[in-house]
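There are 2 protein chains.
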Amino acid sequence: MSFDFFNPVKIHFGTDSLKDAGKIAKKYGTHALIVTGKSSMQKSGVLDKLVKILKDEGINSIVFSDITPNPTIDEIDAAAKLAKEKNIDLIIGLGGGSPLDSSKAIAVAAKGNIPVWDYLKIQPKGALPIITIVSTSGTGSEVNRFSVMTNTKTGEKPGFGYECMYPKEAIIDPVIMQSMPKYVTATTGFDVFVHVLEAYTGKISNPIADSYCEKAFALLRESFIAACNEPENIKARSDMAIASALAGLAIDSAGVGIIHALEHPVSGNFPNIAHGAGLAALIIASMELNIKDKTCREKYAKVAHIFGNIKGNKTEEDMAYELIETVKKILSDVGLNAKLKDLGVSEDKLEKISKEAFTTMNFAVLNNPVVLGEKEALELLKDSF
Amino acid sequence: MSFDFFNPVKIHFGTDSLKDAGKIAKKYGTHALIVTGKSSMQKSGVLDKLVKILKDEGINSIVFSDITPNPTIDEIDAAAKLAKEKNIDLIIGLGGGSPLDSSKAIAVAAKGNIPVWDYLKIQPKGALPIITIVSTSGTGSEVNRFSVMTNTKTGEKPGFGYECMYPKEAIIDPVIMQSMPKYVTATTGFDVFVHVLEAYTGKISNPIADSYCEKAFALLRESFIAACNEPENIKARSDMAIASALAGLAIDSAGVGIIHALEHPVSGNFPNIAHGAGLAALIIASMELNIKDKTCREKYAKVAHIFGNIKGNKTEEDMAYELIETVKKILSDVGLNAKLKDLGVSEDKLEKISKEAFTTMNFAVLNNPVVLGEKEALELLKDSF
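Protein chains in written order, with the UniProt record's numbering: chain L, 1 to 385; chain D, 1 to 385.
Just chain L, same shape as in the assembly (with noise of 0.2 Å):
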């Protein structure tokens, strides 16, 4: 075995955190960028309260809140023009998944002189300094290098990150994600699941990334359906901050697999769907199809253990089983059950939908337990459909 680890983000958890982003901000820059969404931060006053915060460490801010929810390359070149404009020396990513991915993606290009899916193939130069405030537990983003942006001339949702990406510090404060609807909590925190349960059972994952796993399956069963249902408990909106956070850190060192690979082109292709909705729509049968892999069954089998199955006297792969059944379990219960079809997508996408899975997140296949092929691809697809 060998592996290698970095993470080099600096943390602050905590309730009201987000009163410190002026301090932090500071050490880094005096003329931000804020990167928002269209609507929820302004809504839950999470967006002026910050501008605030800044204006108040001396920090001048301009607010770029055209970031929809599954990013654009032209938002991305959009906002990195205004930050060269501004003279932004620093980005702060503040909502979900979306703006975060988005601000680090902005700081590349805004570093740089290329449209930023040139980066895709070209090693950035570097990156303008990151700060991530995140409202949602589900994407991880906060805590690690990756970006996902989407090519809306060809549907094309790849994930890419560089060294120069991480953010400098991240800021999770719990509070901000009580006013996170039920919905958006359910298909964010099934996000974290995912995160953990491919980056434990994939080709590369190794014992550190392991250890961030195993813990945060465990606060994911104590708290991941308390958190849907009872938005204001600020215990249950904790544990999944954290959890989320260790999910972020897991896939940062040991990759996603073949879920995530098939749903950044379903989303690609049909932008309304949430990425935690596509991704439960394919789970299912992809871990049928990963529990052919003896490694990934055993690994399966601990997850199910963590969940509170009971070992007694079944087999390692009953256990493996158990899991597919506790997953169908939480899909019910936090209303996620929709296939495919019910989200919207087309059966006539299905096909390009599985190339683009090979051609845009390639990296994430390799990773998967078990190998598998176009054809492979395309019939997990139509088993989710």
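Check each hint, because a few of them may be wrong.
Any copy will do: because identical chains look the same in the list, a pair fits if it lies in one copy or spans two.
Said to hold, decoys possible - BS3-like cross-link-like pairs, simulated, lysine-lysine; straight-line CA separation at most 25 Å:
1. K10 x K329
2. K111 x K341
3. K235 x K294
4. K10 x K27
5. K125 x K10
Since the hints were derived computationally from the structure, they do not count as laboratory data.
Fit chain D to the given chain L structure using the hints.
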């Protein structure tokens, strides 16, 4: 709950990963000072191998091999002087906790103009880049910012650590550990156990550090005894090397407690005592004290569970007490049953030792689950005598 978390060390784990030392080192400098002890890395041939690996990548190195098991400030200041004279631009720590701790202190002193002891009170301006290559499984020093040094005039043995003291990269090669003698494997391995026990139950424990601790406990259960009894068992050596790193990461964020606070002055005043042997002498009385704290008791019960104690109808308190029995069994299995007097501590020094815990390791005293003053600390030493 609130916590901060940060660790920027690049970890390279793997069989024969020593071979990558040159490629890694040349990112940071061309004139390396290798800091090591007087004999084991010479005898095993690892030192010669490292010098050649560095040379092959164009890095000149000189060796400072005067580091003793409890490194003194004189050794550190002498090495720093040498580093300045030779225009060293990179410090490589090679060996167990002593050379690795020293490499960080030397990196600070070589960059500054005052004796290393003064940095206990004065924040350093920076440090030369540090690379660690660890030969034991215990210290955790390979992946964190801490350094421990002894003032031979006073017997004081404080720990200290600044952000500039993080190693840039850490090479963890379990093959190097196969040459560790049984007693070293036992004492350093027990240090791992105490690191995670104290980080897990400390006042500033947090869920990210907890995830490391839980994984490390599982690896210790699996492989500590085997590593002691079967030196060539590469699986056991790997597990212990990973447990050591996880424990090093855990204490970096969550600190240690009274066992470490008292052990430092023990081996500070009696430099022939191995750190792990001192910890072993102190652990039972310390656990019997800390078990009175409810939160600590709950955590002890969880550790007992990880070590395979079956809950059944037992209360949490029963489970917590079972952990003490488990620890006694481990001590017996690895041959670390000596009390302080068996190790050579003289009774008339107990009062000095208890006082020094508060003057040199107060951060660890403050992190202990149960609040205690000098009187209680002295009682604890007497119980361990």
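Verification of the supplied hints:
no., hint, result
1, K10 x K329, "neither (36 Å within a copy, 39 Å between copies)"
2, K111 x K341, "neither (41 Å within a copy, 64 Å between copies)"
3, K235 x K294, "between (36 Å within a copy, 19 Å between copies)"
4, K10 x K27, "both (13 Å within a copy, 23 Å between copies)"
5, K125 x K10, "both (22 Å within a copy, 20 Å between copies)"
Going down the numbered hints, you'll see the structure goes against 1 and 2, while the others check out.
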